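Student: As you go down the protein sequences, you meet chains R, F and V in turn.
If you want this note's numbering, it's the 1-based position in the first sequence plus 15.
If you want this note's numbering, it's the 1-based position in the second sequence plus 1.
If you want this note's numbering, it's the 1-based position in the third sequence plus 811.
Rather than coming from a laboratory, the hints here were simulated on the basis of the structure.
Here the structure is a predicted model, which is why all the values come from computation and not from measurement.
Glycine is no exception: its CB is placed at the ideal position from the N, C-alpha and C atoms.
Be aware that one or more of the hints could be misleading.
Said to hold, decoys possible - Partial chain F-side listing against chain R, Cβ under 8 angstroms, derived:
1) TYR115
2) GLN127
3) SER164
4) VAL166
5) ASP167
6) VAL188
7) SER337
To be verified - Okay, derived cross-link-like pairs now, DMTMM-like style, lysine to aspartate or glutamate, Cα gap no bigger than 25 angstroms in a straight line:
8) F:LYS118 <-> R:GLU179
9) F:LYS343 <-> R:GLU164
10) F:LYS237 <-> F:GLU227
11) R:LYS28 <-> V:GLU868
12) F:LYS215 <-> V:GLU868
13) V:LYS1005 <-> R:GLU25
14) F:LYS143 <-> R:GLU164
15) F:LYS157 <-> F:GLU176
16) F:LYS118 <-> R:GLU102
17) F:LYS143 <-> R:GLU117
18) F:LYS196 <-> F:ASP141
19) F:LYS143 <-> F:GLU225
20) F:LYS384 <-> R:GLU117
21) R:LYS166 <-> F:ASP141
22) F:LYS138 <-> F:ASP200
23) R:LYS177 <-> F:ASP117
24) V:LYS1005 <-> F:GLU91
25) F:LYS389 <-> F:ASP357
26) F:LYS138 <-> F:ASP117
27) R:LYS166 <-> F:ASP145
28) F:LYS143 <-> R:GLU102
29) F:LYS118 <-> R:GLU117
30) F:LYS289 <-> F:ASP141
31) V:LYS1005 <-> R:ASP23
32) F:LYS157 <-> F:ASP42
33) F:LYS289 <-> R:GLU117
34) F:LYS215 <-> F:ASP145
35) F:LYS384 <-> F:GLU288
36) F:LYS332 <-> F:GLU288
37) F:LYS237 <-> R:GLU102
38) F:LYS289 <-> R:GLU102
39) F:LYS389 <-> R:GLU117
40) F:LYS221 <-> F:GLU136
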Amino acid sequence: MTRTHIPDPELTKRNNRMLMWLGLLLVGMGVFAWALVPFYQLVCRKYGVGTVPQLPNKNVVSTGIGSRTVTVHFLGLINAGTPATLEPLVPDMVVHVGETREVNYRFTNLADHPLEFQAVHSVTPPRADADFHKLQCFCFTRQTLKPHETKVMPVSFWVDPKLESIFNTVTLQYTLYALHPEKLVRR
Amino acid sequence: MQHSRSISRNLALVGGVAAALFAASPALAVGGLPNATPVADRVDGLYNLIFWITFIIFLGVWCAMAYILVKYRHRPGRQAIQTHGNTALEIVWTVIPALILIAIAIPTYQVLNYEDKAPNPDMTVQAIGHQWFWEYKYPDQKLDFSNQDLVIPANKVVKVLVSSVDVIHDWAVPEFGFKLDAIPGHVNEGWVYAKKPGDYDGYCMQLCGALHAKMLTHVKALPEAEYVTWLHDQQKAAGVPETPAFGVVAQPPSTTGVSAETTPSKVAAAPAKPALTSPAALKAQGEKVYGANCASCHQANGQGLPGTFPPLAGSEYTNGAADKHIQTVLKGLNGSITVLGKPYNGAMPPWAQLTDDDLAAVITYERTSWGNHGSVVTSDQVKAQRGK
Amino acid sequence: MSVHPASVHPHAAETPTWVKWLTTTDHKKLGVLYLVTAFFMFLVGGLFALFLRAQLEHPDNTLFVREQYNQFITMHATAMIFMAIIPMLIGFANFAVPLLIGARDVAFPRINAISYWLLPFGALMMFSSFFLGGAAGGGWTQYPPLSGGMFSPGRGVDLWILGLHILGVSSIMGGLNFIVTILNMRAPGMTLHKMPLMCWTVLVTSWLQVIATPVLAGVLTMLLFDRNFGTSFFRPEQGGDPLLWQHLFWFYSHPAVYIMILPAFGIISEILPVFSGKPIFGYLAIAYSSVAIGILGFTVWAHHMFATGLPASIRAVFMFLTMLIAVPTGIKIFSWVATLWGGNIRFYTAALFAISFVAFFLIGGLDGIFLASIPTDVQLTHTYWVVAHIHYVLFAGSMLAIFAGLYYWFPKMTGRLLNEGLGKVHFWITIVAMNVTFFPMHILGIMGMPRRYFTYAPQFAPLNQMESWAAFALGAAQLLFVFNVLWSLKKGEKAGDDPWSGNTLEWTVSSPPPPHNFDVIPTVR
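Isolated chain R, as found in the complex (with noise of 0.2 angstroms):
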């Protein structure tokens, strides 16, 4: 190997330091990577977008029902590869600002086995995920049902005062996700 240069060991030194703050920037650059995934959950979670569960918060309760109504949509939507139904059992309720109300959705396993779900919850609009309390959800936890079950399963809500005038309506969806799925059949 040729060397193309008369080494200078005052120059080596100052390289090497630089090269050092640079690696320590690097694994600090690493660091920062990965802390932006609990950083995204705790952002979403402020302005209540993306799929980022809301924690329950059993906590949170009203401190008074008001005279402004807010229309609630539920949706309910299946997962490819997830042998289930999942149905609002109303498609949408009126409801007061701070008054607690339930709605019910049916869940039925089509399988031939027991299946694990999990319901994910999305509100439209987006900022008024943060504004949408759920007391008692099915989309807390896993739900177990055995082949062929259907269960009826409150989701127990109120809509805050502080939701912004300009929302009349807000919707609520979950999708369902059966936590083993089938496999896809490919086109």
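Please arrange chains F and V on chain R, whose structure you already have, making use of the hints.
Tutor: Only chains F and V this time, still in chain R's reference frame:
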């Protein structure tokens, strides 16, 4: 060392490319597609503004360059003018672009706000992406179509809820100015107001696998009357009850109740209502309250849901002691019970937040409908049961 | 100091040339290796583009459809970004920067060699997927769930991830090397404000590589784990979110586009003054606007996500920051035009490419404004307008600058000039074909033609056909360039030390430079 020749050839090519761009510019200036919604109108207007601004900048730079390349081409004996910079000029060409961007930003915010602040919807549809087709649901009308055109009324505000059941798709109708990602686990909302009836092309606009290019769709906007006819025909064909085409099929709101936990100052006082005394009046009001609050579980016909929600028709609760019935409604009921010989193990929420009048009405309704022979219940009786 | 001239050992075995190249740590040779390897990958990526354009030549074509089409679009973009454009620019940085700053080599020559060798290794890993069950097919952006285990079974995505990891390490190592080199090893008297603009842009690029690439490594690893080890970063059913990928991916990939353009800005800033015969106009403005672009580049990632349903207020913040970047970019365009003004312009091929960069990169910058403004972005994103923008900034931008650099520095690297006649033919065909291929994509975009489609509706057919034929002409023109290189290596006119009357340090030494670059390290006044 070769010298280059034929500046005219250079210019000819520069001119040729510029001419081609000029020729193409009417197509760009018009914005391409007919605008079928007010959102598309505004996006198109913004597009035109940005187009003319950028076109003028483009023209300015190209004309300057063409002039410079001719005037300052190498000539024997020419000396280049040795400038390093010009502070005034550099400030100008920093500030002016910034101002131009502000000029673009202002109408941009206006259009963004217009689109974001959706008007009250006349109806709602869901566009659900599958590999590789679109499913359209009408949640309030209980219709569900896959792999077919989306039919909507023209001149009505249609809320579109976009989601997916597998990978990320995107529901886009360029003539509407509509585009929204369909993300599994998420629901996104947008709105469409077709200015007139017509047939509009839709596409999946997010790579979703092998047949992404084949996930085409159409939106048919029908005149209102035709749409309503179509809707009711579909409902009949699907065997679902006919519902209004527009507006939300929702239970009316519960009356403003004073729940036991609230302080009076935080709650708007409910307007005083005439006391419901006659059984007929109680029953009529009760039917409304029942529909809004109880029917979701116990069903409109009082039959409940086998295995899940006990029936009210013929039940021991609705035909038995009034006090027990009132307590059940006020406090809710958890745990194992038996109704008409069948076990139930559910959770019924409390209804103490309803007014005494409403409670009296709904309990009366339950006790006197579907063949039940329970007694009529008054609001005084309900009041007496509170706190017990 | 003892000296061992070759004459002392007359029968010492002479190392064969190919071994010298394989084991070199000389930045000049490594620079050439980068350029040759990456140019080859440019031809491979270009070949894939021709597959795509052949398929799109008319609707309902059956040459490359469905999964195969998706694999080719994925690997076309991946090859061009990570194996062609970035490494070619690094190749120029390698060759030129030590010479430009009056140093004998980079700070860590052996790390430099490893950086280079990771390039062919990474490329092999990526392309092996074609022979191991199929390449990744989720686009170079690989959004989950499509890129996840359920919808992309097989090894393609995993090999793509591993290959990209290797290329990322190469990129990071290069970045580290150049930061230390530029900050510590400038010739005496060369303050930061006296160093050539190529070095400024390479310095900012190197910082972007070191800061951003670890985030890419992180998100790639998360996808690898989701696919293979049961984690759920991106899977909603276990608390994950597909949008997390998009945020993290674009956090890297937006700075990545500045990695792809900043060194190009540097090359243009070196070449235009030489062929105008006057100094660069607005040296400090160009230097510091490059820094501004580098910093701002980290703040705008979500402008790639305007159609995902983010709240309008969040989108507006990103829009504002994105529009801001137009200002430092505009400053550069105007400064380059002002550099030409008042000059004594010599239209060598290198100059033609550099001038055309200014003219055509401008189009890519301007059409980006439509994408910065949210309402027009929502209309144009996911359509061919974006394809037009990408190719104007990367082909009419980066590639034209790369060609300019190749014609400019080839004589310094090899001692011979590239043939000017062939060069001009290559130039004109490239310019015309490039515009006919990519400009109509703007129109297709506003007509609503979606991107990543292997077939399309009939109304899009005439423009697509024209673009396909032009693309083939564009490809053929590059073969002309390859021929020029091979011919000129043997038969090209000898260049001498300074064929262009340049004004930077590399032109003060022989062509090619001696191994140690400078007999005496110059002092800069």
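Student: Hint by hint, say whether it matches the structure.
Tutor: So, going through the hints one by one against the coordinates:
no.	hint	result
1	TYR115	violated, 13 angstroms
2	GLN127	holds, 7 angstroms
3	SER164	holds, 6 angstroms
4	VAL166	holds, 5 angstroms
5	ASP167	holds, 4 angstroms
6	VAL188	holds, 4 angstroms
7	SER337	violated, 16 angstroms
8	F:LYS118 <-> R:GLU179	holds, 11 angstroms
9	F:LYS343 <-> R:GLU164	holds, 17 angstroms
10	F:LYS237 <-> F:GLU227	holds, 15 angstroms
11	R:LYS28 <-> V:GLU868	violated, 59 angstroms
12	F:LYS215 <-> V:GLU868	holds, 18 angstroms
13	V:LYS1005 <-> R:GLU25	holds, 23 angstroms
14	F:LYS143 <-> R:GLU164	holds, 23 angstroms
15	F:LYS157 <-> F:GLU176	holds, 16 angstroms
16	F:LYS118 <-> R:GLU102	violated, 29 angstroms
17	F:LYS143 <-> R:GLU117	holds, 21 angstroms
18	F:LYS196 <-> F:ASP141	holds, 23 angstroms
19	F:LYS143 <-> F:GLU225	holds, 19 angstroms
20	F:LYS384 <-> R:GLU117	holds, 23 angstroms
21	R:LYS166 <-> F:ASP141	holds, 23 angstroms
22	F:LYS138 <-> F:ASP200	holds, 19 angstroms
23	R:LYS177 <-> F:ASP117	holds, 19 angstroms
24	V:LYS1005 <-> F:GLU91	holds, 20 angstroms
25	F:LYS389 <-> F:ASP357	holds, 15 angstroms
26	F:LYS138 <-> F:ASP117	holds, 23 angstroms
27	R:LYS166 <-> F:ASP145	holds, 23 angstroms
28	F:LYS143 <-> R:GLU102	holds, 11 angstroms
29	F:LYS118 <-> R:GLU117	violated, 28 angstroms
30	F:LYS289 <-> F:ASP141	holds, 19 angstroms
31	V:LYS1005 <-> R:ASP23	holds, 24 angstroms
32	F:LYS157 <-> F:ASP42	holds, 16 angstroms
33	F:LYS289 <-> R:GLU117	holds, 17 angstroms
34	F:LYS215 <-> F:ASP145	holds, 21 angstroms
35	F:LYS384 <-> F:GLU288	holds, 20 angstroms
36	F:LYS332 <-> F:GLU288	holds, 21 angstroms
37	F:LYS237 <-> R:GLU102	holds, 21 angstroms
38	F:LYS289 <-> R:GLU102	holds, 23 angstroms
39	F:LYS389 <-> R:GLU117	holds, 24 angstroms
40	F:LYS221 <-> F:GLU136	holds, 15 angstroms
Hint compliance for this structure: hints 1, 7, 11, 16 and 29 are not met, and every other hint is.
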